[in-house]
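With chain A fixed as given, assemble chain B onto it according to the hints.
Chains A and B supply the protein sequences, listed in that same order.
Per the working numbering, the first sequence starts with residue 1, numbered consecutively.
Per the working numbering, the second sequence starts with residue 1, numbered consecutively.
It should be emphasised that the hints constitute simulated quantities derived from the structure, not laboratory data.
Glycine included, every Cβ here is placed at the ideal spot set by N, Cα and C.
Fair warning: there could be bad hints in the mix.
Simulated pairs of lysine to aspartate or glutamate, EDC-like, Cα-Cα distance not exceeding 16 Å [to be verified]: (1) Lys433/B with Asp222/A; (2) Lys342/B with Asp143/B; (3) Lys433/B with Asp74/A; (4) Lys261/B with Asp193/B; (5) Lys67/B with Asp256/B; (6) Lys342/B with Asp193/B; (7) Lys424/B with Asp256/B; (8) Lys119/B with Glu295/A; (9) Lys364/B with Glu346/B; (10) Lys92/B with Glu295/A.
Among chain A residues calculated to face chain B with C-beta under 7 Å, some are [claimed, not checked]: (11) Gly54; (12) Leu55; (13) Thr56; (14) Ala59; (15) Pro277; (16) Leu278; (17) Tyr293; (18) Asn294; (19) Glu295; (20) Phe296.
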Amino acid sequence: MALSQAAPAVRLGARRGRGNLAGYLYLAPAGALLLAFHVYPLFYGAYVSLFRWGLTKQAFVGLSNYWGVLHDADFWRSLLVTVYYVIGVVPVEIVLGFLIASLLAQKIRGRAAYRLVYFLPYITSMVAMGLVWSWIFNANFGLLNSLLRLLHLPPQRWLLEPRTILALLHPGGAASATAGPSLALVCVAIVTIWYYTGFHVVVFLAGLTAIPTEVHEAARLDGAEGWRRMRWITLPLVSPTTFFLAVIATIGAFQSFAIVYTLTGGGVSGGAEAGGPLGTTRVATLFIFTVFYNEFRVGYATAAAFVVFAILLGLTGLQMRIGERRVHYLGG
Amino acid sequence: MSVRKRARMGRRELLRHGLGAAGGMALGGWLAPRGSRGAAAAEGPVPVTFWHANSGPLGTILSNLAKQFNASHPKYQIQPEFVGNYTALNQKIMSSVAAGAQPDAAQAGAYGAVAEYLKAGVIVPLQKYIDGTDGLSRSSLADIFPGFLEDNTYRVEHKATLVSWPFNKSVMVFYYNGTMLKSLGLDVPKTWDDVVAASEKATKAGKVAAGMGWTPGTEFFAALLYQNGGRLLSMDYTQALFHSEAGVRALTFLRDLNDKKIMYLTKQFDWQNDLVAQKICFAVSTIVSQQYIQQDLKGAWDLGVAPLPTGKNKATILFGSNGVIFARARPEAQVGAWTFFKWWAEPEQTALWSVQSHYLPLRKSALGTTLMRDLFAKDPRQRVALESLDYAHPMPDNVAGWVRIDPLLQDAITKAVTGLQAPKDALKEAATKANAILRG
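Isolated chain A, as found in the complex:
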């Protein structure tokens, strides 16, 4: 950079131009894909959201779709369900991922096999996974209920149970979305955690092995052992990874669709039951999907998608600001 600044202005321009051209050429394939499948749909979606748009474009309605979405109790309920889900899933995934990664970072026998086992769910077909978990959670003859019966506990209705956990512990409670997550949503969250923890483990393992051994050695020389080294060396130095995973997991959980859809009975007939029982697992993406494909309200659904997008953008911005203060980059 310093060299080119010293060169004559004309040559600088030419060289930069040629360099840029090559750079753009390298970027072109990925750029074209991004433009075609991300940027263009984004702008087209923004356009669609301004119309009453059923199967086809009907009338320009300005921001009234957004107004409708912001006053739609069902939409807010789906957001609340999403928030329960994100809160239930993300911290557990990160803590579990970190703990398992810390164990797998030790020099133990069969380490590779363990790593494989924990990563396995992540590469399993979601449909196959949905089938197996549905069987485990089967309300009448499932594995979990057989276990409960063995322990002389009352069987549960799992994925079919709209009551909240609190209501189940204190019978007589009603299924109200504001009273907490339903048992069905908890089941979906458990499967999500089971599915994604392996991914967190692998990323944490990479983060842990990136911590230079001399830092640990220096701490050990200073007499720091066990928990103190974990607290003051490992956790701060792995924090960029934690931060990255927190952002990725939050966005991922917010956009979760396939797992909820498969587990709650999507795609059977009208698909009306996806998000059930009683809509207690209808996360925001499922709400959008249902309004779009089952109710044929394309413009409205697109507006809802943009509202979710805005919320997610704000949330990620917030995470970035908090992250800036808390994350330690080695040598940075």
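What follows is chain B alone, placed relative to chain A:
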């Protein structure tokens, strides 16, 4: 502008086709067979794409029938294409509309799909073909089971109009484990009281965990509602009526079945597995389910099919999907699609389809064909579905807004059956919301 131009060109082309074919036939008759072949080959048959949702064996039967049509109608070539279940089919149609690349014709089986396609103007109401020169006579139309016509009739410019065409239709029936009933010395239940008594006996004998398994849905409730003398919506479709006395009785009955463990609730098609595994001995579903149940059963026990048990009245529900023709299709392809639909509903074809697929024949006169008579002689169970056609009601899919009402009603049913809300309150709450949708 471009559409009009296209239409005019199409008509001209059509004329040419017609004249070509007529000329070809004349030549063929007078001169040599090669003449007619030459004319047809020059123009080639009009391809008509037809998207459908009949998987596996059903899709094969459909393709074979399409081949028959193509052989007997050299002017057209129907190209059936399986695109997934009804949900997937609807999604693909929606995407194709957005992309301006619809098929020429399709099944429309998702809730309220035809009403939405009609509203968006992406399909052609079929009434003009029915009334046209190559249409159907009044008597021929009357030969089609009335429920199938009602199911496809919409109000277009304040006139009752046939918009879509009955294609693969089925009806809700009652399945039972014949072997088990026999071993318990029980008759096939005819009323719901019989079902309750038989379920109790089978459960007490330790044969099953419960009598029935059921995945909550609006259709079974609707059947019980009609049996109790109620209706889902008013005749003019402006008001919800499912919260009437009859509705409350129907829903209370369902709740009691669950409370008394005569019936338990399942997810998706779990009841089907449970029936095969003899965890239950009864089930309520469409007549086409027997295809799948028999496949899993492999003859382990004797599957019985009976009309839906009755309450105060006899009533059952129609299922299945209807054919639509897209507005963007070339006119000659539209005519081709109509010719196919019309041919599909003729006695011989509809009988063949019914015998092979277990879907219902579309016409009364199909019952007189040797094909169907032989089937009834061999397997009297197949008659059952047809008997219930006289009192079968379609779901109000032809009402715009039903797509949003159906999930409301479904939630009300779930709430009542699982004891979260009294049947009366649950239905009333759903009806209030439904009325707002119907007014809007």
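Once the shortest beta carbon distance from Thr56/A to chain B is found, is it less than 7 Å?
holds (5 Å)
Would you check whether Asn294/A satisfies its interface hint, that is, whether its CB is within less than 7 Å of any CB in chain B?
holds (6 Å)
Residue hint Phe296/A, partner chain B, criterion CB-CB below 7 Å:
holds (4 Å)
Interface hint compliance - Leu278/A to chain B, C-beta minimum distance less than 7 Å:
Because about 5 Å separates Leu278/A from the closest Cβ in chain B, which is inside the 7 Å limit, the hint holds.
Is the interface hint for Gly54/A satisfied, with its Cβ closer than 7 Å to some Cβ of chain B?
This interface hint holds because 5 Å falls under the 7 Å limit.
Pairwise hint evaluation, Glu295/A against Lys92/B, where the allowed Cα distance is 16 Å at most:
holds (15 Å)
Tell me if the straight-line CA distance from Lys424/B to Asp256/B falls inside 16 Å.
holds (14 Å)
Would you mind confirming whether the straight-line C-alpha gap from Lys364/B to Glu346/B stays at or under 16 Å?
Since the Cα atoms of Lys364/B and Glu346/B sit roughly 10 Å apart, the hinted pair holds (cutoff 16 Å).
Given Tyr293/A was flagged as interface, is its beta-carbon under 7 Å from a beta-carbon of chain B?
Since chain B brings a Cβ to about 6 Å from Tyr293/A, closer than 7 Å, the hint holds.
Are the Cα atoms of Lys261/B and Asp193/B separated by 16 Å or less?
Within the cut-off at roughly 14 Å; holds.
Does the alpha-carbon distance linking Lys67/B and Asp256/B stay inside the 16 Å limit?
violated (50 Å)
How about Leu55/A: closest beta carbon in chain B under 7 Å, or not?
This interface hint holds because 3 Å falls under the 7 Å limit.
When the structure is compared with the earlier hints, violations turn up for hints 1, 5, 6, 14 and for no others.
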